[in-house]
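S.K.: If you read the protein sequences in the order shown, they are chains G and E. Take any residue in the first sequence, note its place counting from 1, add 1164, and you have its number in the working numbering. Take any residue in the second sequence, note its place counting from 1, add 1164, and you have its number in the working numbering.
A couple of the hints might just be wrong.
One copy or two, either will do: identical chains are not told apart, so a pair holds if it fits within one copy or between any two.
[Stated by the list, open to error] When the alpha-carbon atoms are kept at most 30 Å apart in a straight line, the in silico DSS-like pairs for lysine-lysine are as follows:
#, residue 1, residue 2
1, 1171, 1337
2, 1337, 1170
3, 1337, 1319
4, 1276, 1170
5, 1337, 1275
Please keep in mind that the hints were generated in silico from the structure rather than gathered at the bench. Predicted model, so just to flag it, every value in this text is computed and none were measured.
Spelled out from the first residue to the last, the chains are:
Protein chains: 2
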Amino acid sequence: MPRSPKKSNFPVSQIRRYLEPGPIVLVSSRWKDETNIMTMGWHTVMEFTPSLVGCIISEGNHSFDLIRGSGECVINLPTTTLTDIVVGIGNSSGAEIDKFQEFGLRPVSAKKVGAPLIGECHASFECRIHDDSLIDRYNFFILEVVHAHVATSPKHPETLHYTGNGAFMVSGKIISRRSRFEPDRL
Amino acid sequence: MPRSPKKSNFPVSQIRRYLEPGPIVLVSSRWKDETNIMTMGWHTVMEFTPSLVGCIISEGNHSFDLIRGSGECVINLPTTTLTDIVVGIGNSSGAEIDKFQEFGLRPVSAKKVGAPLIGECHASFECRIHDDSLIDRYNFFILEVVHAHVATSPKHPETLHYTGNGAFMVSGKIISRRSRFEPDRL
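Isolated chain G (complex conformation) (with noise of 0.2 Å):
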């Protein structure tokens, strides 16, 4: 089984570092007695201060109903190393299964947050709803990041890009343009 990384704690004004380049990421959520993962592609960074996230969480998912009424959940960013484990959590039910059970991976208690971080994970973004009006118009939840933990090694994780279809872009090289860049437009 893959190991967990030792981390750190990271500054939520900055998670962009992670977010902005589109991968795929696991949302943990606890409400009652249920704990769930599940996949999530479609997620962007929307503000630095206060840390926001806008994503879209199906109300097709189980996840849904304890990320809504917890009001709460984690994102949590794998790597290749999780990448069979990414795609069974994102087909199969929690309805049906534990996923942390099923998939063996470790719930790590979080600071701020009821739901449990992915000690397997590269990194984990404790998150509140922070606006909920187009919830029912879209599924779009408006988070904000309260807490944020990051493993001190790779600095550049290889994360997963969903492209559709059962194909993931892995992510490549690191290019620098920072000479280039105005110093309030990096």
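With chain G fixed as given, assemble chain E onto it according to the hints.
M.R.: Below, chain E without anything else, positioned relative to chain G:
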């Protein structure tokens, strides 16, 4: 200069193929006698049909007024052959320069909107504002893709994914897990 790839029409319900992996995009707009281009990294697919994309366009951008005023724009997908142009566009203002002219890009007439496509990009998605209810509060536009143009090759373009601080992740290899998906979860 980069060439303009040959494109064909593409089903608007399937544009997640290109936008879900999180590429930086170039948004072109036109209103009255002004045309502009901006870079954008904060966007997400929201629905297949209608084909909805949510995105943040800051009111501080010159493009904000053009897109809100016209109710339209085009989301263009650049590849790594355009890296320095993408950076240049993101570090200049359309209030001061004509970006098509400055960066030697070819404006191409759209089919359904007034804003021009960027010929050199791999794909162009013509959009109309679908819901403006979160623009005032979050600068969040919900766009409907009304027509899509995609280059006939390559099948997997090398895209740029911004991580902040002047650094881009370049798209890597494609891996398939299609056989492990339930058909209705692809």
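S.K.: Look at each hint and say if it fits the structure.
M.R.: Hints, one by one, checked against the model:
no., hint, verdict
1, 1171 / 1337, "both (23 Å within a copy, 27 Å between copies)"
2, 1337 / 1170, "both (23 Å within a copy, 27 Å between copies)"
3, 1337 / 1319, "both (12 Å within a copy, 19 Å between copies)"
4, 1276 / 1170, "within (19 Å within a copy, 51 Å between copies)"
5, 1337 / 1275, "neither (33 Å within a copy, 36 Å between copies)"
Of the numbered hints stated above, the single one contradicted by the structure is hint 5.
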